[in-house]
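Quick mapping for you: the protein sequence lines, in order, are chains A and B.
Just so you know, numbering that gives the first Met the number 0 puts 22 at position 23 of the first sequence, and the rest follows in order with no gaps.
Just so you know, numbering that gives the first Met the number 0 puts 3 at position 4 of the second sequence, and the rest follows in order with no gaps.
The reader is advised that the hints may include incorrect statements.
To be verified - Below 25 Å or equal to it, Euclidean Cα-Cα: the simulated SDA-like pairs (lysine to any residue) are:
#1 B:Lys137 to A:Arg169
#2 A:Lys161 to A:Val274
#3 B:Lys137 to A:Ser93
#4 A:Lys117 to B:Asn320
#5 B:Lys157 to A:Lys161
#6 B:Lys137 to B:Arg224
#7 B:Lys137 to A:Tyr2
#8 A:Lys117 to B:Ala311
#9 A:Lys160 to A:Phe73
#10 B:Lys137 to A:Ile278
#11 B:Lys137 to A:Arg84
#12 A:Lys283 to B:Leu134
#13 B:Lys137 to A:Val224
#14 A:Lys117 to B:Thr268
#15 B:Lys137 to A:Glu89
#16 B:Lys137 to A:Ile223
#17 A:Lys117 to B:Leu325
#18 A:Lys117 to B:Ala127
#19 B:Lys137 to A:Arg85
#20 B:Lys137 to A:Leu281
#21 A:Lys283 to B:Ile128
#22 A:Lys117 to B:Ser308
#23 A:Lys117 to B:Leu269
#24 A:Lys283 to B:Ala127
#25 A:Lys117 to B:Leu321
#26 B:Lys157 to A:Leu108
#27 B:Lys306 to A:Gly115
#28 B:Lys157 to A:Gly88
#29 A:Lys283 to B:Leu131
#30 B:Lys306 to A:Leu108
#31 B:Lys260 to B:Glu179
#32 B:Lys137 to A:Ile290
#33 B:Lys137 to A:Val274
#34 B:Lys306 to A:Leu111
#35 B:Lys157 to A:Asp216
#36 B:Lys157 to B:Ser266
#37 A:Lys283 to B:Asn313
#38 B:Lys137 to A:Phe176
Because the hints were derived from the structure by calculation, they are not lab data.
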Amino acid sequence: MSYFFQIVVSGIVVGSIYALAALGLVLIYKSSRVANFAHGQIIASGAFITYALTVWAAIPIYISFFASLIVTFFLAWSVERIFLRRLIGEPIISVIMVTIGLASIIDGLIYLTPFGTKNFSFPQFLPSEPIAIAGVSISWTQLVGVIITTLLIGSFSWFFKKSTVGISMRAVSDDQFASMSVGISVPSVFGLAWATAGLSAAAAGGIIGNITGLNFDTLHAFGIVVFPVVILGGLDSILGAVVAGIIMGLIQQFAGGYLDGNWGLNGTGEVLPYVILLIILLIKPHGLFGIHEIERV
Amino acid sequence: MSVNRWLATGNFFTAYQEEQRTFLTNLDRLIFSIFLLILFMWPIFFPLNRTYMLVVDNILVAVIAVLGLNLVTGFAGLISIGHAAFVGVGAYTIASFSRVLGDSHILLTHFWPILILIGGFFGSIMGAIVGLPSLRLKHLYLAIATLSFQMIFEWAIKFLTFFNQGQTISVGRVMWFTGEIGRENHYIFWYYVTLVLIILLGFGIRNLFKTRYGRALVAVRDNDRAADAMGMHPGFTKVYAFALSGFLAGVAGAVHAFLYKGAGIESFTLHHSITYLAMAIVGGLGTLNGSFWGPTAIQILNLQVEKFSEYASNYLPSAMNLATALRPFTFGLVIVLFLMFEPRGIANWWRIAKSYTKTWPFRY
Numbered sequence: 000m001s002y003f004f005q006i007v008v009s010g011i012v013v014g015s016i017y018a019l020a021a022l023g024l025v026l027i028y029k030s031s032r033v034a035n036f037a038h039g040q041i042i043a044s045g046a047f048i049t050y051a052l053t054v055w056a057a058i059p060i061y062i063s064f065f066a067s068l069i070v071t072f073f074l075a076w077s078v079e080r081i082f083l084r085r086l087i088g089e090p091i092i093s094v095i096m097v098t099i100g101l102a103s104i105i106d107g108l109i110y111l112t113p114f115g116t117k118n119f120s121f122p123q124f125l126p127s128e129p130i131a132i133a134g135v136s137i138s139w140t141q142l143v144g145v146i147i148t149t150l151l152i153g154s155f156s157w158f159f160k161k162s163t164v165g166i167s168m169r170a171v172s173d174d175q176f177a178s179m180s181v182g183i184s185v186p187s188v189f190g191l192a193w194a195t196a197g198l199s200a201a202a203a204g205g206i207i208g209n210i211t212g213l214n215f216d217t218l219h220a221f222g223i224v225v226f227p228v229v230i231l232g233g234l235d236s237i238l239g240a241v242v243a244g245i246i247m248g249l250i251q252q253f254a255g256g257y258l259d260g261n262w263g264l265n266g267t268g269e270v271l272p273y274v275i276l277l278i279i280l281l282i283k284p285h286g287l288f289g290i291h292e293i294e295r296v
Numbered sequence: 000m001s002v003n004r005w006l007a008t009g010n011f012f013t014a015y016q017e018e019q020r021t022f023l024t025n026l027d028r029l030i031f032s033i034f035l036l037i038l039f040m041w042p043i044f045f046p047l048n049r050t051y052m053l054v055v056d057n058i059l060v061a062v063i064a065v066l067g068l069n070l071v072t073g074f075a076g077l078i079s080i081g082h083a084a085f086v087g088v089g090a091y092t093i094a095s096f097s098r099v100l101g102d103s104h105i106l107l108t109h110f111w112p113i114l115i116l117i118g119g120f121f122g123s124i125m126g127a128i129v130g131l132p133s134l135r136l137k138h139l140y141l142a143i144a145t146l147s148f149q150m151i152f153e154w155a156i157k158f159l160t161f162f163n164q165g166q167t168i169s170v171g172r173v174m175w176f177t178g179e180i181g182r183e184n185h186y187i188f189w190y191y192v193t194l195v196l197i198i199l200l201g202f203g204i205r206n207l208f209k210t211r212y213g214r215a216l217v218a219v220r221d222n223d224r225a226a227d228a229m230g231m232h233p234g235f236t237k238v239y240a241f242a243l244s245g246f247l248a249g250v251a252g253a254v255h256a257f258l259y260k261g262a263g264i265e266s267f268t269l270h271h272s273i274t275y276l277a278m279a280i281v282g283g284l285g286t287l288n289g290s291f292w293g294p295t296a297i298q299i300l301n302l303q304v305e306k307f308s309e310y311a312s313n314y315l316p317s318a319m320n321l322a323t324a325l326r327p328f329t330f331g332l333v334i335v336l337f338l339m340f341e342p343r344g345i346a347n348w349w350r351i352a353k354s355y356t357k358t359w360p361f362r363y
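Just need the whole structure built from these sequences, with the hints factored in.
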């Protein structure tokens, strides 16, 4: 039975990271209707900036984590300002392809640094022995990661529900013309959405980097695997991203724990999200919490 | 009024059929014939070594695949981020025959044209299956559905022992009337085969757009509700677009398997899907000659980047692998720059040049 609970715990850990990673995607889609295929690369750069600040610049990780959030905030904001501002109103394929091109450019830039090919791991700053309760163990890094994730998601929800800027972002996602007429600057809201998405991506990157170590391939793979998560949750729902992230994490861990090795299966955790994605798209395309606006033809 | 068959200084159509002609003037026909003649003759006069001939062959295989992608994304307006998987279906059809029958079975060596068609057929079946979500989905959702097909395809090939878990499955050399195609003639032979296939498929698609079935694709792209009101079935049209594109991709994959004498998963990854999309965009979405320019431009760019980084690495510390960094960087930069400054692609330059010379020597 403790095996079962161990899987539940690791599923929740993985799932909460998925939720944080998916949050950035949802933020951008919600305000500007753009699917960001460069999200994995932004996550990776967030993690690498955190590492560079912590180890190379020898800043304590408590400060460097927040510093990297701020750096990535402005990085993502400038990406929107330089590349995507011109494409407002262009067909969806152009916008998707620009984000794919951006992903490629960031890939190239990261391969220029040592991070592209070598593996790094963060210095240990928490107690190394895991906490064990009734045979179920969770490491301190994972626990702190989950706590930070919960705090961040909570503050993002507060930001969207209560703050003026958050409300203006929701207004833009609802109706661009109406929000322009009440004096909201739509382009600057898009910029802000990208910037906050960059911030959440950097947080996700820092946490993943601490839990699994820094490997470029694993980090930017997150950018693709969040798509099943956001589709399951509904592309424009923050609550959906959280719930679907945890569901997806649990499914992956259960598949890894129970399916792999039996009946000659292996690697099912990698493919199941996409199978679920196809099923969701066929029967309930707006996801669990998304707005019902799929147009049928 | 006598009509100048060689130079048209404007559009003087009196019937819709005239507008639909493939070549509007005799000059167009002449230019195209000369172009084809050059394509057929140059390997005789300027024989390339095997490395560069393989690059040329790669371009031509990519042209077939991009023709398919252009059908579904350019003409029918459905974004497909899983095109490499369809190409893979074609290649793995050949590989499966080779695995079941042995890699130099008579079917593979003598009846390979039929196998190429079978590859295309399986590609179109997979295309239709993947296109099924398009009965309900649009735009981004459909793009993500094709993305998930790509991921499932990669997993299935890597998982199943029948497909050698993604390792290369070898395919034997083929026979021609003059005997077996040996090592020295291999790439030149497949150059001509692919060229003939491109011409057949290109004219097929050009003529398809003179029929209702081709026009239905464009109508559904432009406005699916209006198309519905005019009696087309938008859902089935989209599935049929996916099937057509799957056929072309399957043919490309089958040729790829014969060209490389094998099929392995490393040629059909997500990265390749994105490359095909980039080729279609750089060439010009929704244009036929764009499907030719795009792959050429991207492959030549790759070659130059490779050369440059080889040259530059003499002056850099050896630990830095410049090629791995520069390849994605220039690739991404080209996509982004084209989308920002020339969204209609290289085909637009051709169009501008043509419309400029049309009224020559007058300015308008």
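Check your understanding: Going back to the hint list, which numbers does this structure go against?
Key -> Those not satisfied are hints 2, 5, 7, 18, 26, 28, 37.
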